[in-house]
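Student: Sequence:
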Amino acid sequence: MKARFLCVSLSVMGWTGLGLAAGEPGDAQRVFARVSGSVVTIKTEDDKGVVEAQGSGVVVGKGQVVTNCHVIRNAFIIRVLVGQAELEGKWVRQKAALDLCLLTVNGLDAPSVKLRPGSSLAVGEPVFAVGNPLGFGLAVSAGLVATAEQKQPHPYLVATAPQSPGSSGGGLFDREGLLVGVTKAVLGTGQNFNMILSADSVAGILVNGDAPPAELRLPAPEKPWIADADALRRAARWADLEMHAHAWSVSQPRSAVAAATLGTALQGLKRLDEAEVSVRRALELDENYAPAWLQLADLLYLRGAREAAEQALKALDSRYPFSSDSVFLRAHWYRDAGRLTEAREHIRESIRRWPRRSEAWRFLGLVEDSLGNPVEASRALATALKLGDADVRARQRLAELYAKSGKVEEAARLAQAQEVASGNTGKTQLLMGLGELNRGRLGPAEEAMRKAVALLPEAAEAWTGLGAVLMRLGHFQEAESAFDKALQLAPRSADNLTNRAGARLELKRLQPALDDARQAIKLDPQSAQGWRIAALTHLALGKPREAGMAFQKLDGLVSMNPDELVSWAEAMIGMGSVDEALKILSKAEAMDPKLLRMCLTMARAQGAKGDIAAALGYEIRALEIDPVNVHAWSGKGYALMKLGRLPEAVDALETAVRLDPGLSNGWINLGEVQLRSRNLGRAIQSLEKALTLAPAASDARFFLAQAYLGARLPKKAREHAEVLLVKQPTFAPALGVVTMSYLVEGNGQAASEAYLKLKASAPTLARTLRAQALGAGLAGAGSLPE
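Going by my numbering, the sequence shown wraps up at 1278, each residue one higher than the last.
Treat the hints as calculated values from the structure; they're not laboratory data.
Given the structure is predicted, the values throughout are model-derived calculations rather than measurements.
Any given hint might turn out to be false.
If you anchor each label on the Cβ, the simulated ranges turn out as follows [claimed, not checked]:
id	residue 1	residue 2	range
1	R1204	P1255	19 to 29 Å
2	Q1003	K1101	51 to 61 Å
3	G966	P1085	20 to 30 Å
4	L999	Q1044	22 to 32 Å
5	L1257	G1173	21 to 31 Å
6	A731	P1255	53 to 63 Å
7	E837	P983	44 to 54 Å
8	E998	S1169	22 to 32 Å
9	Q576	D519	21 to 31 Å
10	R885	R831	32 to 42 Å
Even for Gly, the Cβ is constructed at its ideal location relative to N, Cα and C.
Whole structure, please, built from the sequences with the hints as guidance.
Tutor: Structure, rendered in structure tokens:
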């Protein structure tokens, strides 16, 4: 920006005389010499340092300069030039009606002028204007007082001393160099009549004045709310999108788009109730906002409110009768329900309404593929590709369809566009292998993949495909080797790391599996498979807290399947968070009520909660799903025992150990229920079997000690109890068995020694035992100290 010279209503004027006497010859030079040190130049700059305006000012006190307000009003920086010095000024006071402003200037050492009241001036008295007109430097012009001082609307004079742009704010002096006023403006069209703010006004602003206006700051540009939200949505960064939407709603509380965006974030975070509230809020703000109606319908459908979801779509249709979105969403619903023919009809209608919608063509292709129509599927997927669809899986499926139909060139061309590998024959084999794998034809898939790695030994994708087939075949060792090769070729591939982690997890190589999963997450924090393997590995390592944290992260990235939810619940049970586990299991049950793992884990959680009847119900449901499941039979027997239904418990537990004689827990439970049933011989047999299978099982050994004691075999009972006391010397139940065993043998002294230890660790139990011994009439019981 070019600098502009400010002087309100002033026009450019020459420096010649006025044709009227203006004092004696030499007066102007004398006045200029006396006052020029007190007249300064003022420049203003914008925020980029560009000079915007220039004017003049007069030093009227220590570090104080008076000037016209219009010189500095819009300045970002005010610079005061005195001789060769350039100082920074600060606007501190104003008389806005007079266009008079006062600056303070740090470091200003110029002398201040003396003031002469305007009322003392006579008409025709010579006066001299000193300022910096046109930016050429300080100059002086002479003239006369044209009128006596005027009082309305404020004190001012009219003088004939010529003024030019840049003179604004300069001084008007008498012959003695006294300041009689500050120059302001030209009156009318005559350049020789100029308004002068009299010295009385200057004196007034030195005493008081108003504060300058608050600094004008332009508001920051509005955030690109929609663009930022779209980026977060595409990246599935739901937590970040939630924060963004909250901030957006604060900035624009009446924005339906902001409210709907918050609903999208909450839906991504699986907080469906809150999501529905936000979407309904969007519709309150704008009942014609079509995306909100669509989103509401989807939310209601996900929550199982199918009729309400349909009503929401009808509301959308009533407002936008030809919307492709409503039929597109219905097509998704029909596909999810397995009603593929109806899904196809609706997606075709969606395409009729919006022919260039690539995702609709992709959806049609996938539906046709599911219906077993490869030609129609290929045609639709190819159309989606031409319209710019970038879905990798759809492209891959199209390549598979081409390869399977014998269109080798088309498949190879598509594979090359996806940069799968080099070499058409190898690419085709790879795609064929992937197609066969997706169909579950593992034999042909393995054959094609082995040909692919032979033809493309440097293609990481080929080795990954071979590893995937081997995993499905259960050849985990070979799969690990294939993934090793893939990682050699693509060492920074998070997918390859998670693939190898999965193979290592199956091989029970838990720490290497965890290391791979952690490395994958480091490379890609959004790797769902990385978090999944980390969670499962932590669970297998007996680290439920770490597993729970990993499952929680996974839940924020993908919709977890029922089996994954059950594993998460197992981690929560391991942490002691049974209530949270039950909530997670309820989600899994809603998704797949016949999932065996869910039933078994739900029974375990209900048992931990103390609801044995509910636990029994889930064990029975598990047996309906898998009648020969040994864990369900064992759990059923244990629940029946806890409910006091001992004969039924015996039957269930005997079934469990017949199905799996190596199940130590089944033998322990059977031994305990036989013990409770007073079938001591069978209890001893069952518990001895349990100890051969699990020698460290403390519960089996304690029950066995009780069974031997009940069978009047005190020495055998004491042997097992003493094994427990080696590990835990103050274990009160074992001390009780030892005490009773000595009493049965009539060894009162040894019984008293054991009893004293019991009394020290569990006095209540000791008193109960003494009473039982006395009641049984055991010799030496009376000698036990009370």
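Student: Which hint numbers does the structure go against, in order from smallest to largest?
Tutor: 2, 8 and 10
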